[in-house]
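Those protein sequence lines, which keep their order, are chains F and D. 182 is the number that this note's numbering gives to position 182 of the first sequence; each next residue is one higher, with no gaps. To convert, count from 1 in the second sequence and add 319; that's this note's numbering.
Hints were generated in silico from the structure; no laboratory data involved. Don't take each hint at face value.
Straight-line distance between alpha carbons at most 27 Å, and here's what the computed BS3-like set of lysine-lysine pairs gives [what the hints assert, rightly or not]:
#1 K501/D - K484/D
#2 K409/D - K378/D
#3 K59/F - K378/D
#4 K133/F - K583/D
#5 K136/F - K468/D
If you want a taste of the chain D side facing chain F, the calculated C-beta under 7 Å gives, among others [stated by the list, open to error]:
#6 G419
#7 G462
#8 K468
#9 I492
Note that CB positions come from ideal geometry on N, CA and C, so glycine has one too.
There are 2 protein chains.
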Amino acid sequence: MSESPLVLVQRPPTFDFMDELLSRNFPVLTTHHTSSAPLPNSLSRHASIRAVVNMAMLKLDADLLSHLPSLQLLVCTSVGTEHIDLAECKRRGIAVTNAGEAFSEDVADCAVGLLISVLRKIPAADRYVRSEKWVKFGEFQLGIKLSGKRVGILGLGSIGSFIAKRLEPFGCIISYNSTIQKQSITYPYYPDVLSLAANNEVIILCCALNDQTRHIVNREVMESLGKNGVIINVGRGGLIDEKEMVKCLVDGVIGGAGLDVFEKEPGGPEELFGLDNVVLSPHCAIATPGSLNNIAQLTLANLKAFFSNQPLISPVRLD
Amino acid sequence: MSESPLVLVQRPPTFDFMDELLSRNFPVLTTHHTSSAPLPNSLSRHASIRAVVNMAMLKLDADLLSHLPSLQLLVCTSVGTEHIDLAECKRRGIAVTNAGEAFSEDVADCAVGLLISVLRKIPAADRYVRSEKWVKFGEFQLGIKLSGKRVGILGLGSIGSFIAKRLEPFGCIISYNSTIQKQSITYPYYPDVLSLAANNEVIILCCALNDQTRHIVNREVMESLGKNGVIINVGRGGLIDEKEMVKCLVDGVIGGAGLDVFEKEPGGPEELFGLDNVVLSPHCAIATPGSLNNIAQLTLANLKAFFSNQPLISPVRLD
Numbered sequence: 001m002s003e004s005p006l007v008l009v010q011r012p013p014t015f016d017f018m019d020e021l022l023s024r025n026f027p028v029l030t031t032h033h034t035s036s037a038p039l040p041n042s043l044s045r046h047a048s049i050r051a052v053v054n055m056a057m058l059k060l061d062a063d064l065l066s067h068l069p070s071l072q073l074l075v076c077t078s079v080g081t082e083h084i085d086l087a088e089c090k091r092r093g094i095a096v097t098n099a100g101e102a103f104s105e106d107v108a109d110c111a112v113g114l115l116i117s118v119l120r121k122i123p124a125a126d127r128y129v130r131s132e133k134w135v136k137f138g139e140f141q142l143g144i145k146l147s148g149k150r151v152g153i154l155g156l157g158s159i160g161s162f163i164a165k166r167l168e169p170f171g172c173i174i175s176y177n178s179t180i181q182k183q184s185i186t187y188p189y190y191p192d193v194l195s196l197a198a199n200n201e202v203i204i205l206c207c208a209l210n211d212q213t214r215h216i217v218n219r220e221v222m223e224s225l226g227k228n229g230v231i232i233n234v235g236r237g238g239l240i241d242e243k244e245m246v247k248c249l250v251d252g253v254i255g256g257a258g259l260d261v262f263e264k265e266p267g268g269p270e271e272l273f274g275l276d277n278v279v280l281s282p283h284c285a286i287a288t289p290g291s292l293n294n295i296a297q298l299t300l301a302n303l304k305a306f307f308s309n310q311p312l313i314s315p316v317r318l319d
Numbered sequence: 320m321s322e323s324p325l326v327l328v329q330r331p332p333t334f335d336f337m338d339e340l341l342s343r344n345f346p347v348l349t350t351h352h353t354s355s356a357p358l359p360n361s362l363s364r365h366a367s368i369r370a371v372v373n374m375a376m377l378k379l380d381a382d383l384l385s386h387l388p389s390l391q392l393l394v395c396t397s398v399g400t401e402h403i404d405l406a407e408c409k410r411r412g413i414a415v416t417n418a419g420e421a422f423s424e425d426v427a428d429c430a431v432g433l434l435i436s437v438l439r440k441i442p443a444a445d446r447y448v449r450s451e452k453w454v455k456f457g458e459f460q461l462g463i464k465l466s467g468k469r470v471g472i473l474g475l476g477s478i479g480s481f482i483a484k485r486l487e488p489f490g491c492i493i494s495y496n497s498t499i500q501k502q503s504i505t506y507p508y509y510p511d512v513l514s515l516a517a518n519n520e521v522i523i524l525c526c527a528l529n530d531q532t533r534h535i536v537n538r539e540v541m542e543s544l545g546k547n548g549v550i551i552n553v554g555r556g557g558l559i560d561e562k563e564m565v566k567c568l569v570d571g572v573i574g575g576a577g578l579d580v581f582e583k584e585p586g587g588p589e590e591l592f593g594l595d596n597v598v599l600s601p602h603c604a605i606a607t608p609g610s611l612n613n614i615a616q617l618t619l620a621n622l623k624a625f626f627s628n629q630p631l632i633s634p635v636r637l638d
């Protein structure tokens, strides 16, 4: 094993689910993301690290990367790579991979679950029963019908496509916005998020977070979506101007929201904690054993492919 | 209007959504189901009542029906008619209608929403964020993957068929049990609920409650479903032996449940109020403005059809 490439795994303390799989195949160093030092203490180890598995959504900027002179491969276990300095990776010739489609089914399931939960007020209904309000006050408030809703999907990649496919038999009318119109897709395309919001009753966010998409859902978009409109976010918190969204939800500018992601995590805006028209989820759209197994297998496959000069399974394009 | 048939509407006090529609077309008497007298106080009115609209799930037995000597049509605004003495209706030649397909989409949506909510623990996740446990304790527990689950549907009528159609693109593997195997359906058929439970990871109850189906999900069925098994009930509380289900959920004999209906309503078993693997809903699977509009229109259409000697829109077979 002495000639095998050294792999640094940066992970939350409890995320040990791929330790054994990786250790069986590569010499592995592990750091915990709660540590103030994201790199091993021994500087001599840095020099020999040839791959990093970033499970911690740890921000890897040019400075941190400069401490890893032999780094050739950066494996991100997330779909989004907004925490990585991709330009610096390109400059240095470091290959980058992401989660590809490993989480797509689970995230799509969660998005649909959040949507039904918001419209039919499932968590609020559950609270109503558990707090015995059903007995005390009688009938629960009416929900909102999903069938027939116009649903606009922002970002029609693998997750967005799975969401669309799932919503079709509910009788939802699907349209989308993405960076470019996809010729193979027959759903109506809107060239910007404002027209997507204006023409739909629900918008579902599942695009990448980058300089072009940060706060893409701003006050104007929410006003355009309107007082019965619902936002589902399974992308990143930063896609929405969260401060404005809180105001819009509190003031009834929009009708509701189902949010798996937030600008500040862990946490979420406490102004929403008393509202029945929002459903809050602690960034767990990917969190099933099935997804974890997928990402463990994909991580190993990318490492093996790279170090045997085969094509990467889920490369990130570095333009 | 003096020759128009008198219609008695029995409804909960707040269910006034079809008052105006019906009153524009028929002379209407209204009683509230919280009243101890389900019939009008004036006995002279009884004799002239020719139709009853039962919105209150009021038990109409032979004795009560005997006070309505001119009754010709009984319009039930529910799908289930277990509260009606159908044999007595048949003997007296009283026609009966039910909700037909008025609620099918909303109930199917709710069933899928409850299933995703149980597997992905959406209400528990929502509580986790609102109670700030996410900040205090970190990552939420893992959910369970829906894609690929084997789902057995008990009762493949209009609601069951809509549920099946919705679950297909999630990659669920559908099978069913119903009174008779349906030749036009290609899903695998199990001749009894025990084999349905043994061969599936999820069972969804959407059949009628009657003498044959009362407590059809008993302890043996739940043991057969197993410790990872999930029950979704959007039919009637009485389909499940609820006392045994509570034990099975508390003891981990089954994995979870999503329940819109209970043996005692309003209420629900308080032993479940502290569990994260159950989602409780106050019998509101049908409760959207869309469904209410559907049933109002259907009620009027059945009344008009009957009193102009046209075929009923949603007749209940009286065998």
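The hints, checked one at a time:
{"no.": "1", "hint": "K501/D - K484/D", "verdict": "holds (16 Å)"}
{"no.": "2", "hint": "K409/D - K378/D", "verdict": "holds (16 Å)"}
{"no.": "3", "hint": "K59/F - K378/D", "verdict": "violated (65 Å)"}
{"no.": "4", "hint": "K133/F - K583/D", "verdict": "holds (15 Å)"}
{"no.": "5", "hint": "K136/F - K468/D", "verdict": "violated (38 Å)"}
{"no.": "6", "hint": "G419", "verdict": "violated (16 Å)"}
{"no.": "7", "hint": "G462", "verdict": "holds (5 Å)"}
{"no.": "8", "hint": "K468", "verdict": "violated (10 Å)"}
{"no.": "9", "hint": "I492", "verdict": "violated (14 Å)"}
Hint compliance for this structure: hints 3, 5, 6, 8, 9 are broken, all remaining hints hold.
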